[in-house]
Amino acid sequence: MEPERFDLDALSMDADRFESRVRAIMRAAAPELARRAQRDGVLVLLGQWLRPALVAAAVIGIIATGALLQGVGDSTPSVSQGVAHQLGVAEPALQWIDEERDPTVSDLEMALIGDRR
Amino acid sequence: MESDAGLVARARAGDETAFEALVRRHLGAAHAVAVGVLRDPADADDVCQDSFIAALQQLDSLAEPHRFGAWLLRIVRNRALSALRKQRVRAAEPLEWVADAAGEENPGRDAERSALRHRLRAALDTLPEHQRQIVLLHDLEEWKHREIGELLGMPEGTVRHHLFQARRALRTRLKPEQEKEG
Chain A
214 MEPERFDLDA
224 LSMDADRFES
234 RVRAIMRAAA
244 PELARRAQRD
254 GVLVLLGQWL
264 RPALVAAAVI
274 GIIATGALLQ
284 GVGDSTPSVS
294 QGVAHQLGVA
304 EPALQWIDEE
314 RDPTVSDLEM
324 ALIGDRR
Chain B
1358 MESDAGLVAR
1368 ARAGDETAFE
1378 ALVRRHLGAA
1388 HAVAVGVLRD
1398 PADADDVCQD
1408 SFIAALQQLD
1418 SLAEPHRFGA
1428 WLLRIVRNRA
1438 LSALRKQRVR
1448 AAEPLEWVAD
1458 AAGEENPGRD
1468 AERSALRHRL
1478 RAALDTLPEH
1488 QRQIVLLHDL
1498 EEWKHREIGE
1508 LLGMPEGTVR
1518 HHLFQARRAL
1528 RTRLKPEQEK
1538 EG
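Those protein sequences? They're chains A and B, same order as listed. Numbering follows the numbering used here, with no gaps: position 34 of the first sequence is 247. Numbering follows the numbering used here, with no gaps: position 165 of the second sequence is 1522.
The set of hints was computed from the structure by calculation and includes no laboratory data. Treat the hints loosely; a few may be bogus.
Said to hold, decoys possible - Restricting the straight-line Cα-Cα distance to at most 25 angstroms, the calculated cross-link-like pairs of lysine to any residue (SDA-like) are:
hint	chain 1	residue 1	chain 2	residue 2
1	B	1532	A	217
2	B	1501	A	237
3	B	1501	A	227
4	B	1532	B	1483
5	B	1532	A	303
6	B	1443	B	1483
7	B	1443	A	241
8	B	1443	A	237
9	B	1532	A	225
10	B	1501	A	221
11	B	1501	A	224
12	B	1501	A	250
13	B	1501	B	1378
14	B	1501	A	220
15	B	1532	B	1487
16	B	1443	B	1509
Sequences and hints are given; from them, build the entire structure.
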């Protein structure tokens, strides 16, 4: 249906001219290629340094968080103790308040009259 | 053969061999598009070179690296059209095909090829710009109808129609000369 393909090979660049055009383009492209190679070199270097640094930071963070949490449990007075002291609650009562358990009869006795005995 | 996407990835990182492979793969089509617009092979060379450099500079913005060829040819076409507008402003007379730059062609060695080239260019010159590009891309660079359609922003069927018209016009134009020679 379509008329036959046209032979336009005479219009194509001959090998010498093609090579000379490729060389000209590559000469013109050299500064940009060098810039890109340098940029990527810096990024790769940064990446090589950054990865272990980030891993180390994460490990330090995990250790520090663990230590902080442990320290909080060890040394910081509980909220209930602090409030109880402020309210003047007797020392024996603090134990079962802090342990968050129901007081026994002896606990109550100790808390109410213990100090006066 | 490494894909365009692979070559683009390496060229983005400044790999010279990858970029050269892209140039070698697409220079013919780029030249066909530029010459289709400008009709002057030397001007087409300049536009091709500028376009490859522009493409390299904008390579990071290429969203679909596997479509590097179509993207490059759009750059070539836009730059060729821009150069053509500037030429038309500079010179009011219509453009004609000009001989290749001195030293790039040896008529003594290949006089027959040179004469044929001249006739083909004269015949192509009679075609509208889009038909010239279609026939050059299809019959010289072996692009598919679909690819040409994507480049020129027209449906595949329209590309086929224009190719049909272009070939028929070229045959009509070249036939009397072939008969004269015969």
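Right, here's what the structure says about each hint:
A hinted pair counts as satisfied when its Cα atoms are at most 25 angstroms apart, and residue 1532(B) with residue 217(A) qualifies at roughly 14 angstroms. Restraint check for residue 1501(B) and residue 237(A): the C-alpha separation of about 29 angstroms exceeds 25 angstroms, so the hint is violated. Distance check on the hinted pair: residue 1501(B) and residue 227(A) sit about 23 angstroms apart at the alpha-carbon level, within 25 angstroms; holds. For the suggested pair residue 1532(B) and residue 1483(B), the alpha carbons sit about 14 angstroms apart, so the restraint of at most 25 angstroms is met.
Note on residue 1532(B) and residue 303(A): the hinted pairing is violated, with a Cα-Cα distance of about 119 angstroms set against a maximum of 25 angstroms. With a C-alpha separation of about 21 angstroms, the suggested pair residue 1443(B) and residue 1483(B) falls inside the 25 angstroms cut-off, and the hint holds. Only pairs whose Cα atoms come within 25 angstroms are accepted, and residue 1443(B) paired with residue 241(A) is accepted, the gap being roughly 23 angstroms. Only pairs whose Cα atoms come within 25 angstroms are accepted, and residue 1443(B) paired with residue 237(A) is accepted, the gap being roughly 24 angstroms.
Our distance criterion of 25 angstroms between C-alpha atoms is met by residue 1532(B) and residue 225(A), whose separation comes to about 21 angstroms. The hinted pair formed by residue 1501(B) and residue 221(A) meets the criterion: a straight-line CA distance of about 16 angstroms does not exceed 25 angstroms. Note on residue 1501(B) and residue 224(A): the hinted pairing holds, with a Cα-Cα distance of about 19 angstroms set against a maximum of 25 angstroms. Under the criterion of a C-alpha separation no larger than 25 angstroms, the hint pairing residue 1501(B) with residue 250(A) is inconsistent with the structure, at around 35 angstroms.
A C-alpha spacing of about 21 angstroms is found between residue 1501(B) and residue 1378(B), which places the hinted pair at or below 25 angstroms, so the restraint holds. For the hint linking residue 1501(B) to residue 220(A), the alpha-carbon distance of about 16 angstroms falls within 25 angstroms, and the restraint holds. Of the supplied pair hints, the one linking residue 1532(B) and residue 1487(B) holds, its CA atoms being roughly 22 angstroms apart against a limit of 25 angstroms. Of the supplied pair hints, the one linking residue 1443(B) and residue 1509(B) holds, its CA atoms being roughly 21 angstroms apart against a limit of 25 angstroms.
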